[in-house]
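**Student:** The chain contents come next:
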Amino acid sequence: DGVAVLPAPQNLSVQSTNMKHVLTWSPVTVPEEIVHYSVEYQGEYESLYTSHIWIPSIWCSPTQRPECDITEDITATVSYSLRVRATLGSLTSAWSTLKHRFNQNSTILTPPGMEITMDGFHLLIKLEDLGPHFEFFVSYWRREPGAKEHIKVVRPGVLPVYLETVEPGAAYCVKARTFVKAIGRHSAFSPTECVKVQGEALPL
Amino acid sequence: QEFQFGPCRVEGVVLQKLWQAFWAMKDIVQAQDNIMSVRLLRKEVLQNVSETESCHLIRALLRFYVNTVFKNYHDKAVEFGILKPFSTLANNFFVLVSKLQASQEKMFSTRKSARRRFLLFYQAFKQLDREAAVTKAFGEMDILLSWMEKFYQL
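If you read the protein sequences in the order shown, they are chains A and B. Okay, so the first sequence: first residue is 1 according to the working numbering, each after it adds one. Okay, so the second sequence: first residue is 1 according to the working numbering, each after it adds one.
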């Protein structure tokens with residue numbers, strides 16, 4: 001098939017956002033042929049104690065696309081080595097190894113999506129489901145001078161969350177951020193959202 | 001989600017992941033252990049451990065698992081096709097050992113009693129044939145994880 005040596009994949013890099021990690025590389029192209037790729041990894045333990053052993057990625061050994069979701073391969077907060085090679089029939093390229101080891105504690109944490117709703121006079125919040133790693137810190141207050149800010153910690157999977165019983169005519173504001181214990185980091189706060197409660201303010 | 005072994009606190013290790021990894025290989029691993037009459041992590045090693053002792057003891061045990069048990073069981077893990085769960089446990093034990101190291105320097109008083117407990121485990125390990133001992137210790141990780149669970153806070 002006219003290809004003596006298969007070039008190794010280049011430009012390996014990892015994009016990690018909200019604890020979802022994707023390894024990408026530049027595709028190896030051979031006209032009118034389908035090239036497959038295999039991804040392998042090593043944690044810090046393997047690098048130190050059994051450096052000759054690499055573990056096949058759960059989803060990408062092999063794969064046709066020049067990317068691999070390695071989220072389920074990364075199961076500890078240690079640095080991981082990652083490598084990729086191309087195969088075409090009996091031809092196999094050399095391994096390409098990620099230049100800088102990857103640690104999940106470098107993941108980008110984005111402010112959570114949230115939706116504020118009212119159920120009668122109950123103020124509720126619905127938060128973006130980001131998976132089992134994520135807790136949410138919800139901060140809420142009544143919009144008036146000197147109002148006290150309340151904090152509620154929301155565990156994964158608990159939706160929607162009751163925040164407070166509100167008063168007619170009053171306005172309430174809410175913001176939230178995520179916290180990931182596995183890496184001990186939190187996101188920035190989401191933009192504050194305020195809601196005005198229907199009805200006449202109660203006489204003092 | 002963190003471990004609190006007396007004064008030693010460790011974040012960043014999710015116990016549920018360790019259990020899932022062990023369950024994924026439990027049957028294969030424990031089927032290899034033919035010595036029913038011996039238990040390495042017996043009551044005298046793990047029962048009635050004081051809070052301050054627990055940090056010394058867990059660190060000694062985890063270090064032994066990382067440096068000896070995992071190291072010597074690795075080829076079997078390849079043979080049995082359980083490298084992925086094996087890697088999850090090995091790397092998370094590795095994290096625990098390195099984080100416990102930092103916080104353990106401050107305590108000396110209970111080191112001796114913790115040491116005695118570890119030696120009970122170690123002497124039992126040494127009395128067995130090497131391969132049998134590694135297989136048994138690897139299979140007893142559920143005993144170790146159950147004990148560690150007492151020090152885990154959600």
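Keep in mind that the hints were calculated from the coordinates and are not lab data. Some hints here could point you the wrong way.
Listed next, the stretches of chain A that the computed footprint assigns to chain B, with coverage defined by at least 3 CB atoms under 8 Å from CB atoms of chain B [what the hints assert, rightly or not]:
| id | segment |
| --- | --- |
| 1 | 18-31 |
| 2 | 52-61 |
| 3 | 74-84 |
The calculated lysine-lysine pairs, modelled on BS3-like cross-linking and capped at a C-alpha distance of 25 Å, are [to be verified]:
| id | chain 1 | residue 1 | chain 2 | residue 2 |
| --- | --- | --- | --- | --- |
| 4 | A | Lys20 | B | Lys17 |
| 5 | B | Lys99 | A | Lys181 |
| 6 | A | Lys181 | B | Lys71 |
| 7 | B | Lys84 | A | Lys181 |
| 8 | A | Lys99 | B | Lys26 |
Idealized CB from N, CA, C, for every residue including glycine.
**Student:** Against this structure, judge whether each hint is valid.
**Tutor:** For each hint, the structure was consulted:
no.: 1; hint: 18-31; result: violated (count 0)
no.: 2; hint: 52-61; result: holds (count 3)
no.: 3; hint: 74-84; result: holds (count 4)
no.: 4; hint: Lys20(A) x Lys17(B); result: holds (16 Å)
no.: 5; hint: Lys99(B) x Lys181(A); result: holds (15 Å)
no.: 6; hint: Lys181(A) x Lys71(B); result: violated (29 Å)
no.: 7; hint: Lys84(B) x Lys181(A); result: holds (23 Å)
no.: 8; hint: Lys99(A) x Lys26(B); result: violated (35 Å)
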